[in-house]
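Okay, here's what each chain looks like letter by letter:
Number of protein chains: 8
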Amino acid sequence: MTPEFKFDFGRGARIGLDEAVFCEGKTVDQISAIVDAVKAKTGRLLLTRLDQSKYEPLFARHGAQLEFDPLSRTAILGQPHDALLMPPVAIVMAGTSDLPVGREAARTLAFAGQTCCEYADIGVAGLWRLLERIDEIRSSPVVIVAAGMDAALVSVVGGLVSSAVIALPTSVGYGVALGGATALHAALASCAPGILTVNIDNGYGAACAALRILRVMATLPKRSV
Amino acid sequence: MTPEFKFDFGRGARIGLDEAVFCEGKTVDQISAIVDAVKAKTGRLLLTRLDQSKYEPLFARHGAQLEFDPLSRTAILGQPHDALLMPPVAIVMAGTSDLPVGREAARTLAFAGQTCCEYADIGVAGLWRLLERIDEIRSSPVVIVAAGMDAALVSVVGGLVSSAVIALPTSVGYGVALGGATALHAALASCAPGILTVNIDNGYGAACAALRILRVMATLPKRSV
Amino acid sequence: MTPEFKFDFGRGARIGLDEAVFCEGKTVDQISAIVDAVKAKTGRLLLTRLDQSKYEPLFARHGAQLEFDPLSRTAILGQPHDALLMPPVAIVMAGTSDLPVGREAARTLAFAGQTCCEYADIGVAGLWRLLERIDEIRSSPVVIVAAGMDAALVSVVGGLVSSAVIALPTSVGYGVALGGATALHAALASCAPGILTVNIDNGYGAACAALRILRVMATLPKRSV
Amino acid sequence: MTPEFKFDFGRGARIGLDEAVFCEGKTVDQISAIVDAVKAKTGRLLLTRLDQSKYEPLFARHGAQLEFDPLSRTAILGQPHDALLMPPVAIVMAGTSDLPVGREAARTLAFAGQTCCEYADIGVAGLWRLLERIDEIRSSPVVIVAAGMDAALVSVVGGLVSSAVIALPTSVGYGVALGGATALHAALASCAPGILTVNIDNGYGAACAALRILRVMATLPKRSV
Amino acid sequence: MTPEFKFDFGRGARIGLDEAVFCEGKTVDQISAIVDAVKAKTGRLLLTRLDQSKYEPLFARHGAQLEFDPLSRTAILGQPHDALLMPPVAIVMAGTSDLPVGREAARTLAFAGQTCCEYADIGVAGLWRLLERIDEIRSSPVVIVAAGMDAALVSVVGGLVSSAVIALPTSVGYGVALGGATALHAALASCAPGILTVNIDNGYGAACAALRILRVMATLPKRSV
Amino acid sequence: MTPEFKFDFGRGARIGLDEAVFCEGKTVDQISAIVDAVKAKTGRLLLTRLDQSKYEPLFARHGAQLEFDPLSRTAILGQPHDALLMPPVAIVMAGTSDLPVGREAARTLAFAGQTCCEYADIGVAGLWRLLERIDEIRSSPVVIVAAGMDAALVSVVGGLVSSAVIALPTSVGYGVALGGATALHAALASCAPGILTVNIDNGYGAACAALRILRVMATLPKRSV
Amino acid sequence: MTPEFKFDFGRGARIGLDEAVFCEGKTVDQISAIVDAVKAKTGRLLLTRLDQSKYEPLFARHGAQLEFDPLSRTAILGQPHDALLMPPVAIVMAGTSDLPVGREAARTLAFAGQTCCEYADIGVAGLWRLLERIDEIRSSPVVIVAAGMDAALVSVVGGLVSSAVIALPTSVGYGVALGGATALHAALASCAPGILTVNIDNGYGAACAALRILRVMATLPKRSV
Amino acid sequence: MTPEFKFDFGRGARIGLDEAVFCEGKTVDQISAIVDAVKAKTGRLLLTRLDQSKYEPLFARHGAQLEFDPLSRTAILGQPHDALLMPPVAIVMAGTSDLPVGREAARTLAFAGQTCCEYADIGVAGLWRLLERIDEIRSSPVVIVAAGMDAALVSVVGGLVSSAVIALPTSVGYGVALGGATALHAALASCAPGILTVNIDNGYGAACAALRILRVMATLPKRSV
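First to last, the sequence lines map onto chains A, B, C, D, E, F, G and H.
Start counting the first sequence at 1; every next residue gets the next number (this note's numbering).
Start counting the second sequence at 1001; every next residue gets the next number (this note's numbering).
Start counting the third sequence at 2001; every next residue gets the next number (this note's numbering).
Start counting the fourth sequence at 3001; every next residue gets the next number (this note's numbering).
Start counting the fifth sequence at 4001; every next residue gets the next number (this note's numbering).
Start counting the sixth sequence at 5001; every next residue gets the next number (this note's numbering).
Start counting the seventh sequence at 6001; every next residue gets the next number (this note's numbering).
Start counting the eighth sequence at 7001; every next residue gets the next number (this note's numbering).
Calculated directly from the structure, the hints in this document are not laboratory data.
There are no misleading hints in this set.
Capping the alpha-carbon separation at 30 Å, the derived lysine-lysine pairs in DSSO-like fashion look like this:
1. Lys4054/E / Lys6054/G
2. Lys1054/B / Lys1041/B
3. Lys5054/F / Lys3054/D
4. Lys54/A / Lys2054/C
Chain H stretches covered by chain A per the calculated footprint, using a threshold of three residues with CB under 8 Å from any CB of chain A:
5. 7015 to 7024
6. 7162 to 7175
7. 7185 to 7195
Even glycine gets a Cβ: it sits at the ideal position worked out from N, Cα and C.
Build the full structure now, drawing on both the sequences and the hints.
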């Protein structure tokens, strides 16, 4: 039988983003084998979608080297990357239920050495909550907007800031929220121009996209508009 | 062969709303026969989804008795109902392309003797356009919000006014706007509580719902909250 | 890390509807923290989609102040609002399985001080059950119709009453009932004019919409039709 | 190249239903060749979905032997089958726009020698129209109910008659009527038990199903219930 | 609070089919209350979708009066109806996994006093299994075909018999079997004319439809074709 | 501005299949430019989805070098490839309306030097039509089955032959035939094992797949089973 | 009651593929009865989708005669078929999570006496992993590509090899991966010509299709291209 | 009647992107009125989705001030903005049919003063076409990938470059390409991390997103990674 995985150690060098381990659908043994392989090589790894029930046997084997966050279901092996020294990313979240997804983005940024500011529970049903923070949000070069249901927050933010805006649709909601598809479609069909989108609940992907933008920014010549 | 229609002349008495003629999928001859039947009875009829190309032969037969509006594709036979004497309905529209649908609602209200105010092209991509009119909108007992694409305007209005809010999703947009389904789903999954919805592009239905609300209001005892 | 919630205490003043807590997807700790915050401020809160298994630890912390109804999975903290003094809302339900959703609407109205009458298990497969209650139903200014499967009850009621009619599609049924989507689509495409709709299983939303209508009614001048 | 068709002349003997020609997607030449083949054999043929624009060149070739009905877009070659001598089928139609589909069923029955009664424009938005004809409808052994949009008529009829009920969903409606899918799903998920369904707009199929039922009835021993 | 159910005792007289209890989504207490009400009236009841785990507490209360079949998840209270004295219905099943659904139809027929013959595991992947039984199947006035996945069996049977054919799509299969939707759509779009369809997994409905057909047959005059 | 195309002249050498030109969505000028480029290089090209209206101006420019077939909407520039000397592919078609798609496959095979046999209009509604040709079909190493609607023919053929079977779902049908999706899903969920599928109406792709199979066969050592 | 299964012992002779037992939705007793029937006849059987929890009681009854593989959830009764003596099939897998599905294909091939080579975790996000193995893959007459999410690997392989390519879409992924539908659709709409597809997660079917191709190859005359 | 539009002249100052006119669904008169309003104010406007048939009467009124490009269906009024002085954006297109959408992005960038490089017809079916240009593409800070059908090009590019990658799914393809939904879903579910997506065929939106990224880059401090 063939070996079950082939870790892409060159990904960081190639595209500036380390390969992370998506733990859903993998057994504890498979995850542990990858952790062992990484320990023997770079010693640094991000694990996403890691349930508490899988974390516990992994902790028994790898101990405190794995730093676990139950809300976002992420674990970090080893030290994060050196600080990127770019302005913080804003992570704007519509409701309390969007926190796990937004936090996955925050943890992915932290692993990569990038700071962020979280703005929780400021959906448009109470527009004042957004408006009183908008100047602060506007100062971030990249704004991630995590929202489920109708995702109206995405369009409102998109119409108020000139930064790069990444919609992060979440599966929050029921009925015609359609497991996040309505939020996704609303973001893609936004009336505000130039909104970008990632897959439903893909906090990891939203952060990776932000990192692509920030890394490329860091290497370009400054110019005043 | 059986007669092709059976007009519901009792509908007005029964539910307070006259039967209207939905012209899509009907031939000019069928429509004309209904007009003749109504002329012989009440003399008053609303026709919706009437294309210019069908209006012309109808005009040749029924002349100026049919008052036609090409933007909303509606025609009115005879005099509108007596004025309802209720405060005007607000019809808030996200973009220029939502005008035909919003105007269908306006014409249906006018036929029933109800006034309205139209607020066109005030989508959330330019939030200031809405905010500078919001106090005026708030004073209407019923607010119809016509929007396509992401329909974010519905949730923003719903979070700012205490009136009855009727979302009127439109088929404006392309791709994942899905012919209005995304706007419809976003309205139904709105983060603002107590939003009501009608079918895509159903300006007639939104107006009928407003009339149900206003008629029942008119017969209830006043009370201060 | 940021605080996890930002309760919208001003919502009642702004749109006439208190913010309620949707408990699905929230942990007991998150819910309990909100209850504590509300206790310290207004002392009055509606909780929806609260499972028995979450209610029990909450009861251990907050005791009899939380009045729980297992059928509708709602809890009420503190005293309901003062009575609205409007005629009762009719809640018409097609079958026994629609009761939990209809009851969520009833509880939301009760929390807001509004009375209602429930009519259970009167679907159109036995039309006589509806017809013998229709005069009573007709006298309500707002009629909520909770139905799953084909939701034919919505159109039949809509053709018989002149009140405001709010369709409340439920996820009752299997196969092409599609988790409530068929009921929702049937309500939106109803042959009866002026029907309004909320999201699938959204008893809370249907009640909020009824409250918007009744509140605005209460402040308008009386007029005879 | 191979011959383009292989007419199933044995179908009538095998299952009691002649093969008919579905003309959509066939060229005038293909249809004409089939007509020629049938003329040379049985001389009797039903053509469905035949547009006026295709009928005209066919008429030029085959003349008055083809009896054409523009409303149902059907043509009949030769004489219908001998009368079946069974009670008439009831064809109940919700609205004027359902007539073409209902008429296709009527024409298919007529071709097979079976009588029917059509009940047009008696949808549930005006329930009295149905109730005043229900005793007559109830006396038919097979009732076909043609309805689009929400198809509520199907369930209401199904709850009032003990006959075999065949739902014939039509593509009438717009938006979430979804080209007839909502009517189809509502019929399949009907709260009335024992409803049977055919494809959207399939008047021909509904009639064939009625014929299967009536033919088998005709050969069974009588028994009192 | 309102009573939770309103049993339709007149349904048998009205449409020839007793109301049955669909147990999914009902609590044991609700079901038991209905059983008590029926015991006090007619003493005869069919229960469908009754899980073993719900049956056990019901058995504790109502004992051997409830005759339970675990495969079809049905229970029968009291004696079945008198024998209908019509030829048996054929229930043709594509695979072993279709048995529970086919058996639900068989039990519903048995409750109504109607006999049937079951033909299990004769899908078209082994066409010989069908062909060696086809003459026997052909002799039934009504043929129910239970099939999931591609439901090809429906069209093959429909092309070989002249009886009334009721497709009973099942949720057997995975991936694009789409929980039975592919079988349903294939049956509705069948190339064999005059096929009728019920909802996915609706064995009860297929049997009710067969009973409608057989009851009406029983009251019609005999005639030779 | 960049050049608009970059023809893949190496594809034949790389994967054994020439690049063909899919003409839908291309202008006559774009197609003509590709034809010119090919003329200057290999002189041999297959064009698919070429409407008569586009063919005519192309004929005016390139004349008899383009051999056009209106039924399949294909044109061939230059001489077909040398004969492959493999047994003919069987192309089995359910109905007359499946001919254009089946013929596209036949033309693609012919262009590649591969023979085929077409079997038209032998759907399972008249099973005898298939059974009388099945021995002949069985002798082909690759069988392409073109069918729309329920695509039951795919499963029946798949259960009768041991050859490689390629389902070619067509968009023939209406309503829940869903533009070919039902045929596609039925083929993928077939009860016969080992059926392979291509996209809806993709006669070109089915033929390319057959060529991949036959080419690789031609280079393998013979062995008796 | 009827016997519950009718095993198709002739399938191997008829189409070259033994009937296998799909264990999902079957009880342990049903599976055990089939195993008993096969033991009494051919003694050789493949079981798929067999959960560990069902395997254990089967092992208790049938012991070591059932060889079980937990990763692919397959069991084999008795000895595999004699070796086919054809070159190995390549099974290319995009990620670790695609292994169970790919392994089901491998086990099905092994049961039939066919060898294969597995290439795990070589998705296009790290294209070098594929490119360093492509020459080896290219030498297989049949290449199975198992991939979920976007299934981009299918098109890349299809553009690099001339072999028969069978896409095996998997349900790996979340959100708009849609349980494998996106991978399936991407494979069917591939820009590489001549790709063939099976149902989502259908490793058994992909292997059966490969066997159909290889068996027919084995009986054809050799020819050089 | 209300004025029909309310141009958002402040949008450029607010979010760095001028409001553009989406001409689909607008009449020539409406478009012309907007052009007049802009002429009177800023004199500079981008028009998208402008059909030739609408352009002609506009040209008659506004003459050479409107510079029209028929391939992308865009027109530009007045002079583009001053050059942004950032490195060019790469626009990578899979096939010839993706050109109109890619060109819409190019024109939007040009209007904003931003340069770009187009790479046409380099889909993965001929991977060499991409690989020979990849170093050049890699040097762009933002890469837009326009692809329809399976959109495999998006993942391949995403795995090879570290720049910001914007997927621009197009509606190119048929059948299960689903009007671009398969390309969209494949891009969102990409196995390459950090891919961002816009709506189907939304070349304008992809360019706006690129401008947001580049503008914010231009104002940030340089830093080496």
